[in-house]
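Q: These are the residues of each chain, in order.
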Amino acid sequence: MAFRNEDDKKAYWRENLALMAKLLVIWFVVSFGFGILLVDVLNQIQVFGFKLGFWFAQQGAIYVFVALIFIYMYKMNQLDKRYGVDEE
Amino acid sequence: MDVQLLTFIIVGASFALYIAIAIWARAGSTQEFYVAGGGVHPIANGMATAADWMSAASFISMAGLISFMGYDGAVYLLGWTGGYVLLALCLAPYLRKFGKFTVPDFIGDRYYSQTARTVAVICAIFVCFTYVAGQMRGVGVVFSRFLEVDIVTGVVIGMAIVFFYTVLGGMKGITYTQVAQYCVLIFAYLVPAVFISILATGHVLPQTGFGASLADGSGVYLLDKLDGLSTQLGFNEYTSGTKGTFDVFCITAALMVGTAGLPHVIVRFFTVPKVRDARKSAGWALLFIAILYTTAPSIAAFARVNMIETINGPTVNEQVATGTPHSEAPSWITSWEKTGLISWDDKNQDGKMFYSGDERNEMHVDRDIIVMANPEIANLPAWVIALVAAGGIAAALSTSAGLLLVISTSVSHDLLKRNLMPNISDKKELFYARLAAGVAIVIAGYFGVNPPGFVAQVVAFAFGLAASSFFPVIILGIFMKRMNDKGAISGMLAGIGFTAAYIIYFKFVNPAANVAENWWFGVSPEGIGAIGMLVNFAVALLVFKMTKEAPQEIQQLVEDIRYPKGAGEATAH
Numbered sequence: 001m002a003f004r005n006e007d008d009k010k011a012y013w014r015e016n017l018a019l020m021a022k023l024l025v026i027w028f029v030v031s032f033g034f035g036i037l038l039v040d041v042l043n044q045i046q047v048f049g050f051k052l053g054f055w056f057a058q059q060g061a062i063y064v065f066v067a068l069i070f071i072y073m074y075k076m077n078q079l080d081k082r083y084g085v086d087e088e
Numbered sequence: 001m002d003v004q005l006l007t008f009i010i011v012g013a014s015f016a017l018y019i020a021i022a023i024w025a026r027a028g029s030t031q032e033f034y035v036a037g038g039g040v041h042p043i044a045n046g047m048a049t050a051a052d053w054m055s056a057a058s059f060i061s062m063a064g065l066i067s068f069m070g071y072d073g074a075v076y077l078l079g080w081t082g083g084y085v086l087l088a089l090c091l092a093p094y095l096r097k098f099g100k101f102t103v104p105d106f107i108g109d110r111y112y113s114q115t116a117r118t119v120a121v122i123c124a125i126f127v128c129f130t131y132v133a134g135q136m137r138g139v140g141v142v143f144s145r146f147l148e149v150d151i152v153t154g155v156v157i158g159m160a161i162v163f164f165y166t167v168l169g170g171m172k173g174i175t176y177t178q179v180a181q182y183c184v185l186i187f188a189y190l191v192p193a194v195f196i197s198i199l200a201t202g203h204v205l206p207q208t209g210f211g212a213s214l215a216d217g218s219g220v221y222l223l224d225k226l227d228g229l230s231t232q233l234g235f236n237e238y239t240s241g242t243k244g245t246f247d248v249f250c251i252t253a254a255l256m257v258g259t260a261g262l263p264h265v266i267v268r269f270f271t272v273p274k275v276r277d278a279r280k281s282a283g284w285a286l287l288f289i290a291i292l293y294t295t296a297p298s299i300a301a302f303a304r305v306n307m308i309e310t311i312n313g314p315t316v317n318e319q320v321a322t323g324t325p326h327s328e329a330p331s332w333i334t335s336w337e338k339t340g341l342i343s344w345d346d347k348n349q350d351g352k353m354f355y356s357g358d359e360r361n362e363m364h365v366d367r368d369i370i371v372m373a374n375p376e377i378a379n380l381p382a383w384v385i386a387l388v389a390a391g392g393i394a395a396a397l398s399t400s401a402g403l404l405l406v407i408s409t410s411v412s413h414d415l416l417k418r419n420l421m422p423n424i425s426d427k428k429e430l431f432y433a434r435l436a437a438g439v440a441i442v443i444a445g446y447f448g449v450n451p452p453g454f455v456a457q458v459v460a461f462a463f464g465l466a467a468s469s470f471f472p473v474i475i476l477g478i479f480m481k482r483m484n485d486k487g488a489i490s491g492m493l494a495g496i497g498f499t500a501a502y503i504i505y506f507k508f509v510n511p512a513a514n515v516a517e518n519w520w521f522g523v524s525p526e527g528i529g530a531i532g533m534l535v536n537f538a539v540a541l542l543v544f545k546m547t548k549e550a551p552q553e554i555q556q557l558v559e560d561i562r563y564p565k566g567a568g569e570a571t572a573h
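First to last, the protein sequences are chains Z and E. With UniProt numbering, the residue at position 48 of the first sequence is 48, and numbering never jumps. With UniProt numbering, the residue at position 77 of the second sequence is 77, and numbering never jumps.
In case anyone wonders, no lab produced these hints; they're calculated from the structure. All clues given are correct.
Using 27 Å as the maximum straight-line C-alpha spacing, the simulated DSSO-like pairs for lysine-lysine come out as follows: (1) K481(E) / K274(E); (2) K10(Z) / K545(E); (3) K97(E) / K81(Z).
Computed list of chain E residues with no C-beta within reach of chain Z, every gap over 12 Å: (4) F15; (5) F98; (6) D109; (7) L147; (8) T315; (9) D346; (10) A378; (11) A436; (12) F447; (13) S490; (14) A501; (15) N514; (16) W519.
With the Cβ distance kept under 8 Å, some of the chain Z side facing chain E (calculated, not the full set): (17) L23; (18) I36; (19) I69.
In this text the structure is predicted, and so the values were computed from the model without any measurement. Glycine is no exception: its CB is placed at the ideal position from the N, C-alpha and C atoms.
Given only the sequences and the hints, what does the whole structure look like? Please build it.
A: Next comes the structure, spelled out in structure tokens:
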């Protein structure tokens, strides 16, 4: 294994899971939260021609999804470097 | 030139392009023909993945469904994009590190069991069949319109072309053909949307035009106007839904999780060279998919307003229009009437068409035609109409050819060769592969003629089945080292069995009972995959508790896939 020791290996996996959990919380909040469960509350707010809840359900959440994957990619590459397990 | 001739020219040109690229790419790479991702730029790979993924359901059917469903259409938008986040974060890097080509291979090896492999193969075939059935309907809609034949003939022509295209073979493996198909389909999708957005609101981007005020001088927001029109005509307000919140939640979850469990999507991430590229590939793919998915709701809203105002006549001073005389109907109405997908029944004998959500309604408009008819409804030039036909065909062909290949290899290779008849000759194997593709097309064609729902809805069932069978066992296989074979097998069987039974009961056995009052917890057949997924998890964990945990070497294998270093080339199976 390319890890320096077992502790590093465990730490790497822990950080990986923590990042995943954080991003999945955002994923859940913008789609299931803002777009579905809280849609009626957010629809009270109007931004330009959009009711906010409706906008999250049909537009906003999708933009966030794209951002999430790129953030994950960036952060994981950093993590790989820090632990010396990146693939040149 | 008339629309029909232009359509032949543009569709013909796009076919010539795909074939030319196929020949060029074949000459360029001989040996690593099937390792599509190797040496391909991640952006090109992302486009190819997007083309593979966006089917006739995304291209032809989805905006139409949203147009009729309003807010509820969000289930498709969220479901078919959000799944990529799950795929990128929880599955793709680990499956890439594992280094096998198919989902049944992963399940068979991870759960060290031939039975698990067989169950996975059967689930994969079942999922792909359902998916292809939805595609055939979409292809049928395109051909029936531009050849001006009825939908049955359209489906049959579509079947013939898809069969020919698949048997011609190898199309799926060629990334660059799919890059071209992505370009054709996204261009065909955006052009009419941009045109219509500029005409109606002055905004170039349909994504912002959707929330802008109308350019007709009234200063009313598009969505407010649509809400007003909808209520006056006895429909539900466009920006609020009619489905129960829990049902919307379940359908979205089933589609998202299903995306992450679809065999032909997962396969794309096995073929990239490195774990890092698997992460990147998912990002680009979703970006290219998002371009279409954020445009679709805007097309839906514009098309809805345009359609209502064409049929009923323009709204003046907020007075409800009384209808347009059928003798003055624009040509798109009469051409679609020939396909049987639009019909008019002059109930009050006034010679005028009227469209509404109550007893005054005289029109039947099939939801699947909206995207195809949209440029005509908005009076766009004939070449735009022809372009949309080419885009729809590109979308349907790239996806159904891919799915048919999965079905035929699953049957001939995974099922027959590796399970039932290990001594089968190569020639026989190829024969069974073709036979399976043929049978698949015929069954799919049947459902294309007698659809159990609209294209996007039929496809939604495929996702429910994938969600309830594959996703839980793959997740457990990666994140729970001790998970064993018996747990996985019983989980898959329970999940897909439960989901399929629920769908079949409400869609085929007793369709009359398919109303919200009879649904369990108000969950429709489209959303039941989410519950099926929970059943799968629960059964798998319960059986695991009662049986022996996975052997040490398997646990070591799972440990290995969690770290990127040393991810080798994907090995042939």
